[in-house]
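So the chains spell out like this:
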Amino acid sequence: MRRLAVTLVVLAGLGAGGLAPVMVWAAGDEPHPPGRHWSFSGVFGTYDKPQLRRGLQVYREVCAACHSLRLVAYRNLAAIGLDVKAIEAIAAEKKLPGAPNDEGEATTRKALPSDKFVPPFANENAARSANNGALPPDLSLMTKARLRGPDYVYALLTGYKEEPPEGVTVPEGMYFNTYFPGHNIAMAPPISDEGVEFADKTKATVQQQAKDVVAFLQWAADPYLEDRKRMGIKVVLFLIFLTGLLYAYKRKVWAKVH
Amino acid sequence: MASGKKPNRIVKWVDDRLPIFSFVEHHLADYPTPKNLSYWWNFGSLAGIVLVVMIVTGIVLAMHYTPHTDMAFDSVERIMRDVNYGWLLRYIHMNGGTMFFIVVYIHLFRGMYYGSYKTPRELLWWLGVIILLLMIMTAFLGYVLPWGQMSFWAATVITKLFTAIPLVGTAITEWLWGGFAVGNPTLNRFFSLHYLMPFVIVGVVLAHIWALHTSKSNNPLGIDPKGPQDTIPFHPYYTVKDNFGIGAFFVFFAAVVFFAPDFFGEPDNYIRANPLATPAHIVPEWYFLPYYAVLRALDFDIWFLEAKLLGVIALAASIFVLFLLPWLDTSKVRSGRFRPIFKWFFWIFLLDCVILGVVGGNAPDAQVFGWSKWLTYLKLGQAATAYYFAHFLIILPVLGFVEKPLPLPTSISEPVLKGGGAASAAAAAKPMEKA
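Listed in order, the protein sequences are those of chains A and B.
For the working numbering, add 39 to where a residue sits in the first sequence, where the first one is 1.
For the working numbering, add 22 to where a residue sits in the second sequence, where the first one is 1.
Simulated from the structure, these hints should not be mistaken for laboratory data.
Please note: incorrect hints may appear among the correct ones.
What the hints assert, rightly or not - Computed list of lysine-lysine pairs in DSS-like fashion (alpha-carbon distance at most 25 Å, straight line): (1) B:Lys57 / A:Lys291; (2) A:Lys88 / A:Lys240; (3) A:Lys295 / B:Lys365; (4) B:Lys182 / B:Lys57; (5) A:Lys134 / A:Lys149; (6) B:Lys365 / B:Lys238; (7) A:Lys183 / A:Lys291; (8) B:Lys330 / B:Lys57; (9) B:Lys248 / A:Lys295; (10) B:Lys57 / A:Lys295; (11) B:Lys57 / B:Lys395; (12) A:Lys242 / A:Lys268.
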């Protein structure tokens, strides 16, 4: 069995070494986003709910002007500690097409907690026309849809340079971002110092807001992260215990043969 | 019945009319198994258990999934967010594909090292290769279903391979698509076939086990059991050993599912499919990377054969050459343990497959490791592809003639007695005397 274990470890190493170049940051000369520690990283990682609520505030006051969050429902906000009243109030700010009235005419209604986050634009054309031709991507899965998503989104949000490096010209209506593929990004630096005022008196620096909104987006992309890890610890511990018993049983049965 | 216990009357009544109990006893309990199987022999049962896990989770996922281009992506996200424990089912199924290929590749390389394909096990080996082919198809079809960017573009790239077939290629491709591009009819049929294929695999697995129980298990020494002293009944010896293996494997499986469920996946597949935006790098899942490298290695025309067609032929040949393996390997000795030269070539071949995987995951025109001045991944891939085929078509046939194998032990029991320290030999001697 020792030989099997050694071979498997070597194979896994070869495999990981083989896959590592695959994981290389997709082309271009953009630097890797620096790795950060997040409350949700690691086997025991959890979400920091006050942080998620601050992140929600940043999303609603800043990002939501252009970016949809179409896979998340207002009711889901209960999971980050909002009560029913607050959720209803957030939903009610938005209008949605309602059922036709008795005369068959179109109506509108307020969004309900059961609705998904109402997108800022009616369709892709409206979004592009309002954004200089660029399409602001949906953010529901953003931290999963990029390699090392949370690190990348944080690096992007804080990676703007007012002056591009020497010899680099940024096209009209574009901005220079250290971490964006190709560097030219259509999104203006979205976060400004003290751009939002946090209810819990946390100082709203650019870094703080970026951190908080990344945490919120991670929750939006992976709402069951805490349940998953909590269950995982129990499952893995149980399986290790069970495997130990099975090994002991195997030894006992095989004692006759060896 | 073999256990010698007086059978229950109802069991006997059923068994006289339909010998299902005798059948189970014969194949799962009494099956005489070489006593010296190492842990490398655990991976067949592991593959079987993963197949069951995949079918069970897949059936439940299918209850919640919508195979329509407008709804597929969101229906998968609905499973992740709104279906009770949907995230668990989906992560198990998604990583189950990876686990399936890990255990099957180990199973396959084990067969290669110990010559498990040699007579009389040629058909057993063939059925295994057919299972691998079916698994490749099933995994590809399944990968398309979430309808993310990588799903869509993988479907496009792979189906377009068929256009390389002269004259009828385009017609075949459009027939596969059910239209003039990858679209809703494609997704619908991929879902239907993805549901069908696992049951076809189950059928071939049963035939694989049938063939195994006819020609009996190979073993690390590669010599046939000489009598009952060389074998032990499958139950309880290998049932407990397999169960321990399954436990250990599930620890690994669970660790991935719960702590790194997206490790083996492509981030791009969390972006909804967009036929108008091609991802910067279209890469298959890790288990297809070596084949992808072979496909891309042939970038030149030979005579009237275009590079694209050659690539497809090479890709197909890289798997179909396995069917010929029992006859390409001319050595009469099964186990690599007694083949001093083959042993080295086996490990070089395994390394070659890993290199092909690395090549498959990188852009062909990129420099190897990003710093090699003179070697691009394309060139490395070409060399590795050439070696891959040379291993089967040149090295193995020649090796059988030039290699002088080590002397084989006379029986399975002999090295068991002689191996290990004096103490263990003494301990082992006792039950042997009884036998």
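Which numbered conditions among the earlier hints are violated in the structure presented, ordered from lowest to highest?
As far as the earlier hints go, 3, 4, 7, 8, 11 and 12 are violated by this structure, in ascending order.
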